[in-house]
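Visitor: Sequence:
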Amino acid sequence: MSTGRSIFSAAAHDGEPTKMKLAAKLILIFMLGVLAIVSLFTWQTIRSQRVWEHQSREAHADDLVTALKPAIETAYRDGGTVTIQKAIEYSTRNLDRTPMRWVDGREVPSTGTQLTSREISSVSITDQNGTRTAYSYVPLKIDGDDAGAVEVAQTMIDHDAHARDSLLASIVSLLGVTLFSAGVIYAGGVQMVAKPLGKLIDQVNTIGEGKLAQPPAISTNDELGRLAVAISQMSHRLSEQQNAIRHTDRLGTVGTLAAGMAHELGTPLNVVSGRAGLIASGRLSPDEIESSAQVIKKEADRMTAIIRQLLDFARQAPSARTSVDLNEVAILTCELMKPLAQKSAVELQLNLDDEPIHVIGDPAQLQQVISNLIVNAIQAMPEGGTVNVALDRDGELAKLTVADTGTGIEHENIGHVFEPFFTTKDVGQGTGLGLSIAYGIVRDHGGEINVDSNEGCGTTFRLTFPTAS
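Numbered by the numbering used here, the letters in the sequence shown go through residues 19 to 487 in order.
Treat the hints as calculated values from the structure; they're not laboratory data.
Each residue gets a CB set at the ideal place from its N, CA and C atoms; glycine is no exception.
Among the hints, erroneous ones may be present.
[Said to hold, decoys possible] Label-pair restraints from in silico Cβ distances:
| no. | residue 1 | residue 2 | range |
| --- | --- | --- | --- |
| 1 | D240 | I64 | 32 to 42 Å |
| 2 | L296 | E258 | 16 to 26 Å |
| 3 | L192 | V247 | 41 to 51 Å |
With the sequences and hints as input, model every part of the structure.
Guide: Structure below.
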């Protein structure tokens, strides 16, 4: 059984699972961008806040020491370290949350580090209870000597709580902005990208199945809208080209039929010529002249009917889908093919259903399908044989069979018989488009076409069409 393709058939698409891929990528990119921007802003805000608080602590410590500096200098000159510490305690007795003490020399007892500059330095210490305290050291120079430094201790309980609240607020804001942006981007991506792309993909698949001349799937004034217009224009051009190729194939069939027609017209022409000669001789009676004229008219009408059949078959008429009786199409086609079959010593048999079988389609295209199959069958029997055209109904399907007793098709070629330009005939005997065009027409009418063949035992084409309601 063949799985051939129409000349205009497109490659299959993945369908629904792929529709959201582009939209999902766009949504992911937007979400990552928003997440990165908000995260960077949050980090920068927290970092700036920490730097500002650090500078505020050192500035506060510097202000306190500056205010105490006169008392510290006096105490230093009068009594040394003990006096200085008493002066600091007395001066800061109202500062419950800012304990201060004098650090003599270069050693900083709280940290074990050295004061190596005259700038204010800070360090944070966390005790066993998890309470963090910040120590700021403000160095003092008295009478030209590095006397020591004042240690200003500040508890970080409130600061850490504020930092945690700020971080939590930032995280909540980050999540809120991310979720809101994701919702907006997702809705926009689905409505503005995924759904229009889904419609375009469905339309491309429809065109690939042979249903050409499609209107634009979407009508938006953006790139996707212009793409839809371009796809629609492409489908109309493909439809025009398909009709042109089918018409060219019909003309090729006309050329094949011409030889049989010439043989078919020979007999009536001889009769007309003989009767006309008798009339012209003047030896006939009036009754004989009238009889000969009637014979001439009868044979002329016969030749006119033959020529009209050929012209009707060759005419490129616009596609018109109507309710068609396949019995009538098969009868007309076999009448048209009879001269060619007789010339090739082929017996053309026709077996029809007792009742009319109606399908929705173009009668000219359906006739072209049957004629292509009959011509192929005749050419497959160079020594003569039999072509059987059978038509019957199977439920909601119309079944058409064209079988010959010819040479058959080689097994390795069965899967290629419906491919464009594939032919096993000699050069000049065919283009390889007949069966491909027949396949496209059948699929265009919602039908199926299959082939069975054994080399040396003939070939059978089976066609099914949905019947008209």
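Visitor: Evaluate each hint against the coordinates.
Guide: Here's how the hints hold up against the structure:
no. : hint                    : in the structure
1   : D240 x I64: 32 to 42 Å  : holds, 41 Å
2   : L296 x E258: 16 to 26 Å : violated, 53 Å
3   : L192 x V247: 41 to 51 Å : holds, 42 Å
Hint check: a violation occurs at hint 2 only; the rest are consistent with the structure.
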